[in-house]
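**Student:** Protein sequences appear in the order of chains A and B. Take the first sequence: its position 31, counting from 1, is numbered 31 in this note's numbering, and each next residue is one higher. Take the second sequence: its position 51, counting from 1, is numbered 1051 in this note's numbering, and each next residue is one higher.
Think of the hints as simulated: they come from the structure by calculation, not from any bench. Be aware that a few hints might be false.
To be verified - Far from chain A, some chain B residues (derived; all Cβ distances over 12 angstroms):
1. Glu-1144
2. Pro-1164
3. Lys-1182
4. His-1203
Said to hold, decoys possible - Calculated lysine to aspartate or glutamate pairs in the EDC-like style (CA-CA distance at most 16 angstroms, straight line):
5. A/Lys-198 x A/Asp-245
6. B/Lys-1182 x B/Glu-1163
7. A/Lys-454 x B/Glu-1135
8. A/Lys-425 x B/Glu-1089
9. A/Lys-166 x A/Glu-260
10. A/Lys-198 x A/Glu-146
Backbone N, C-alpha and C fix where the C-beta goes; we use that ideal spot for every residue, glycine too.
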Amino acid sequence: MGTPANDIDRLVKREYKEGFVTDIDSETLPPGLDESVVRFISEKKSEPEFMLEWRLKAYRHWLTLTEPQWAHVHYEPIDYQAISYFSAPKDKDGLNSLDEVDPKLLETYEKLGIPLEEQKVLAGVAVDAVFDSVSVKTTFREKLAEVGVIFCSISDALHEYPDLVKRYLGSVVPAGDNFYAALNSAVFSDGSFVYIPKDVRCPMELSTYFRINAMNTGQFERTLIVADEGSYVSYLEGCTAPMRDENQLHAAVVELIAMEGAQIKYSTVQNWYPGDEHGRGGIYNFVTKRGACRGRNSKISWTQVETGSAITWKYPSVLLEGDDSVGEFYSVALTNNWQQADTGTKMVHIGRNTTSTIISKGISAGHGQNAYRGLVKVLNKADKARNYSQCDSLLLGDRCGAHTFPYMEVKNPTAQVEHEATTSKISDDQLFYCRQRGLSEEDAVSMIVNGFCKEVFKELPMEFAVEAQKLLEISLEGAVG
Amino acid sequence: MLSINNLHATVAGNPILKGIDLEVGAGEVHAIMGPNGSGKSTLANVLAGRDGYDVTEGQVIYRDKNLLEFSVEERACEGIFVAFQYPVEIPGVSNLYLLKTALNSVRKHRGLNELTAVEFLKLIKEKIKLVEMKEEFLHRSVNEGFSGGEKKRNEILQLAVLEPALAILDETDSGLDIDALKVVANGVNSLRDAQRAIIVITHYQRLLDYIVPDKVHVLANGRVVKSGDRTLAFELEKHGYAWVAQDPNDAVAPSPGS
């Protein structure tokens, strides 16, 4: 009988099933970044003039910034001149139907469980498939257009709805917000755009599947979701990448805007390649996600399940501007082997009677380091603002770490802010108890971890909840029914 | 069904069991009594195969197999069940889910088809009546926030669902008031049958008023020092454990070398 630590070691060994490479002809820029690269990307996409100006401004600002150092993560300095900033499968331009998409691309998504033929897709889920720097295909566009919902790649949106994009892009995450957001603003290549018109309840789940394929390429996608008054949308995001020994950078920006009475539910299952068991390779996931509850009674809810990436730096936040608006953040972050995560949220209470809820579940295994970092800020006009935060950490084994950095800035005396935190280990007693009832060790660990994450999983849309459970299962090499 | 010969076991290097001999046949109920530290709970843990309980000598034959070769979950699937003295809490995992997963693991091991959610629900609604628990207990997290009595009932519910061949009740009576004790005892009695053996570990004869044993064994200092029928429990109640230890004529397992 092995020691419990060894058992857990064995249990958390995982296989990354999405680690294959698609052999496809790509047009890839040589590594390096200067103004000509920014111009190239903008020209490649035949963008309107304002976009190029916007990008260049962001680029020039980026040059003045330095990388944030405050996160509880450690890595060798990134050489931004060694990264290629654009890579796209060849002959993509001017596709009219799925028949014209390279079969290898279709095969790739099929293999990932994301079929792009509409009849094969899970009923009720529309998909925008992004491969390296470009959107390959957006399904159900026409069907959604019937109710006025716009769902397309951001490149297409810049051509077809330039005014909408111009009005909202950068309105929540300004181009110069932080180092990675500025970089993204300068070189973002694709991503999804969603507009839900007034009083429309989006009839399907919208989703984007991000895939990194090319070597030494950064992925910089940009997502913009606008929910007009009284509308509702649920949006899902998934991501994978091949297994490689080099680290790859993924620096995305997501902006959400909810008008009066609108609701946006944004769910992520992040499964970027996490690196191998020695900490070689893996994605650096440095992402800025922020939503603005612009109108009264609006609501933005972030749910994230973060199991991949070598390093995660990510704080999906909500600016609660409208009175009575609601912000939520539900998170499960798993770090195994040498993965590091510094993730959490910012809830900024600006309007009156604003409410926020934060539920964070961190799971650390192997040598994984997992930090929750959260800010609850109540401005002086936010009468009767309320926040409840709960941060729970679960440790598997004795070489991993869990850290909690909660910050609170409260400038209104009528505010109520609560914070609870716990750290626990899967105990040998729990494992023994389950095994004595006939469960294998793997099943027991999976069951206990899933129980730990239950409050977050129940916030995920059904299809995703199942996927998230499966992902944890793979990560812990066990089975969950 | 169960044959224990000269079983020695250590915990963290300290010898706790020092030569246990015990025969339990199918259909029998055996009570194991003894003072604190006599090795009762250790025996239960050794039979369950818990890490940290090391067998240094002797053997345990269970249904013609060498039990000590099997892992914890294999023993469970082969029909050994321990009702624990201190059942653990598992936050976020519902009782129902644990029970269904456990039952299906056991069924799979025995070559039976796994029960669907609907079939399982039907079964559990019958079983829960045995321990007089409300159905809401099924949806609560395993043992979380349960009172001592509720935890023990929950153990018996699991016993009833898993229908083991050999059930070991480790001080199931501790911390129970008389009403809860009766409920638990009724649950156990309803599971008595010719195919099943039950070992009841207890300090007190009180439980044995309700679960009447076929045989009573007294454990002291890691050995069975006296065995008899249920009247032995009454004697113990009257005279205390010191009485057994002090009577050399009744000691059945003289320690070699002393």
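**Student:** Are the hints correct? Go through all of them and say.
**Tutor:** Going down the list of hints, with the structure as the test:
no., hint, in the structure
1, Glu-1144, "violated (10 angstroms)"
2, Pro-1164, "violated (9 angstroms)"
3, Lys-1182, "holds (25 angstroms)"
4, His-1203, "holds (22 angstroms)"
5, A/Lys-198 x A/Asp-245, "violated (48 angstroms)"
6, B/Lys-1182 x B/Glu-1163, "violated (20 angstroms)"
7, A/Lys-454 x B/Glu-1135, "violated (21 angstroms)"
8, A/Lys-425 x B/Glu-1089, "holds (13 angstroms)"
9, A/Lys-166 x A/Glu-260, "violated (21 angstroms)"
10, A/Lys-198 x A/Glu-146, "holds (14 angstroms)"
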